[in-house]
Amino acid sequence: MSGNSNGYAVEVERLAKHYPPDIRAVDDISFEIKRGIVFSMLGPNGAGKTTTVEILEGLRSPTSGKVSVMGENILKSCSKIRKKVGILPQDFEPFDLLKPVEAVTYWANLFSIDISRKEVNRRIGEVNLTDRKNVMAKKLSGGEKRKLGIAMALVNDPELLFLDEPTTGLDPKARRDIWRLIEDVGRRGSTVLLTTHYLDEAEKLSDDVAIMHKGKIIAQGTPEDLVAEYGKSTVIVLVGAGRKGLDEVRAFGVQATELDGDVLISCKTRAEMRSCFEKLASLEAPIRDIYTKRETLEDVFLNLIGQKMENGVLQE
Amino acid sequence: MKRILSDVINSGKMYMRSTVGTFFTLVFPVLLILLFGAIFSNIGSQSISLKVQNLDDGPYSQMLTAILNETGIVNLREIPQPEDIIEYINDESLSVALFIPANFSENIMAMQTNSSLSLPVTLILYGDFTSSSFTTARTALDAASSIMNYNLSGAHQMIFVQSASAVPSESFQFMDFFLPGIIGLTIMTTTLFGMTSMCAEYRSRGYFKLLATTTLSKSEWLVSRFLIYTIILLVSILITVAVGVFVFDMSATLTPLVLAFLAIGVLLFAGIGMLLGTVIRDPETGVAIANAIGFPMMFLSGSFFEIASFPPYMQTVAQFLPLTYLNDGLRDTMIYGNTESALGNMAVMIVIAVIFFVLASKLMSWKEK
Ligand SMILES: Nc1ncnc2c1ncn2[C@@H]1O[C@H](COP(=O)(O)OP(=O)(O)OP(=O)(O)O)[C@@H](O)[C@H]1O
Ligand SMILES: [Mg+2]
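Each protein sequence line maps, in turn, to chains A and B. Residues 168 to 483 in the numbering used here are what the first sequence lists, from first letter to last. Residues 16 to 384 in the numbering used here are what the second sequence lists, from first letter to last.
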């Protein structure tokens, strides 16, 4: 990795970006991204994710604060890091009148890279665009355009990859393809900064998550840490256990509540849950089913932001 | 270098694939040439106009003109007697004119009465031998004089027709004059409209931002724009001139100065276009303003008509339009061969080009606010 290695791909100190009259798009945030990890910024619309990311990319200037990317002060020398960084902007639009093969070749050349036809085809194959590689970009679907954008962002084998909502609007299969691609990039040792509204995405891909809201980072950590810290607990549901079940469970010395004929047992830790299951083995009350509801990043997110979600997508 | 080359190739591809681009650069000028050519050139029309200065007041010159008129090939118009014919040709930029000497009828009558006499009875056809109107006029005159020889003397050659080269120093047909105008116009429309809408599009669709993520620098991009427009317009100029010369027999010459005018013209109008596309935040407004500037400039800068024929106040307006200097400069070098005057026009253009291009490239930013 780069010479000026201090273990961080990105360091942000007291970053702020204000827009007139009094919009605080980014409000005094600080964070670091370790090299080689996948870092997600999670947040509702208007949280300030794109603003933050574009400042890191050297595409917008901050109102105040210090930003270093790959060891370089981005305000002074953003041309130095261009070769090492790959970027997919949120509002990415490909050049309408170029075909994917041409666009990828063009983009490689703009990084002074000689690229063979075979290599171009391989990179287009990587994003599953092989059938569409000779179609004029304006005729590609929204998802196909995004895939082309990702292929272009990867063309210089970046050490640091910025993906601003790479999977928004993609179908489930395409999302999974992109996830695999991001995992591959991560395995190669590159750092990835991802913004997303999808909690399953952040949970599945990231080593580190920052939850942004109204220009501030309101929580940060690994998905597991966040769930442990801000999630409430895991709930064991005994379906149809009824009043009788509740009494029996309480007799075991376990805290429980009844809801619509089901018995709910709340466990704070795994050990607590394990001991709970041991006791339940001798339960005599009739039950139709047992399942557990684990709190997810989604619940954490909701607890923190208090807005409603549908199908894993945040609704305003 | 590789980056610039690749940008030239790929942006050039996009340009040629866009219908607007190809229309303004390649189709529009050829259409104009064909349209105006069909209206104004001699080719395709039945008769040519032949100016005649007749110093003879006898019957035979009357007879000659009557026969000429009857051929239907020429349309006679009179040159007033006191004029000096050579000067007149110059002033009016005629490609052909007929001179009938004062003693024409008198000498014919003298020879008819005394057949041993040999007096000069010579018609002189002045003009530019290379022009097609000259050839047409010569054919008509030869025919008319043999008819007269036959009638007057039984085919004994009495009247001679002499051709005299009289190429006006500033001899050009309307079409010749028109060709540099079309070239100037094409340089202006292609780069001004092209750059305005390109900058607006690149900004609104986020292409500037996208380019900013690569190692291509802004100045490399500007060099690439300059090269693309220069190359595409060079092709356009070659096609336009070829159509003019081969279809309409125009006599413009492509001098090295034309290339210099092309390069400076590209800088100048690309600079203005960039400024409009950059300073005006709303893309459609930018393009509308470019049109509002560009279209009147086409007419007021003498692309189609000589500025000298404009009313005085419009001539004053023309002096403030950069296209005027491009059109004049191109005419200086392509038609009149007047390098000195061409360089004068070029100097004015360089000053304007530098101001606009530098200003625009300073104001243009690929970053977002
Ligand atoms: N150029 C601008 N001028 C004024 N306000 C802006 C500008 N860009 C962003 N903002 C404001 O800054 C705030 C943060 O916007 P940003 O695009 O960073 O949000 P985001 O988290 O990326 O949202 P989304 O999930 O919708 O992409 C918003 O309130 C937005 O209106
Ligand atoms: Mg965003």
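Rather than coming from a laboratory, the hints here were simulated on the basis of the structure. A virtual CB, placed ideally from N, CA and C, is assigned to each residue, including glycine. Watch out, some of these pointers could steer you wrong.
As the list claims (entries may be wrong) - In silico lysine-lysine, BS3-like type, Cα no more than 27 Å apart, as pairs:
#, chain 1, residue 1, chain 2, residue 2
1, B, K17, A, K247
2, A, K383, B, K382
3, A, K243, A, K383
Said to hold, decoys possible - So, partial list: chain B residues that the calculated Cβ filter (under 10 Å) puts toward chain A:
#, residue
4, R92
5, L231
6, I322
Structure-based check of each hint:
1. Straight-line distance between C-alpha atoms of K17 (chain B) and K247 (chain A) comes to about 18 Å, which keeps the hinted pair within the 27 Å bound.
2. Of the pairs offered as hints, the one joining K383 (chain A) and K382 (chain B) holds, with about 23 Å between alpha carbons and a cut-off of 27 Å not exceeded.
3. Restraint check for K243 (chain A) and K383 (chain A): satisfied, since their Cα atoms lie roughly 25 Å apart, inside the 27 Å limit.
4. The criterion of a C-beta within 10 Å of any C-beta in chain A is not met by R92 (chain B), whose closest approach is roughly 54 Å, and the hint is violated.
5. Taking 10 Å as the C-beta cut-off, the interface hint given for L231 (chain B) holds, the closest approach to chain A being about 5 Å.
6. The criterion of a C-beta within 10 Å of any C-beta in chain A is not met by I322 (chain B), whose closest approach is roughly 39 Å, and the hint is violated.
Of the numbered hints listed earlier, those contradicted by the structure are 4 and 6.
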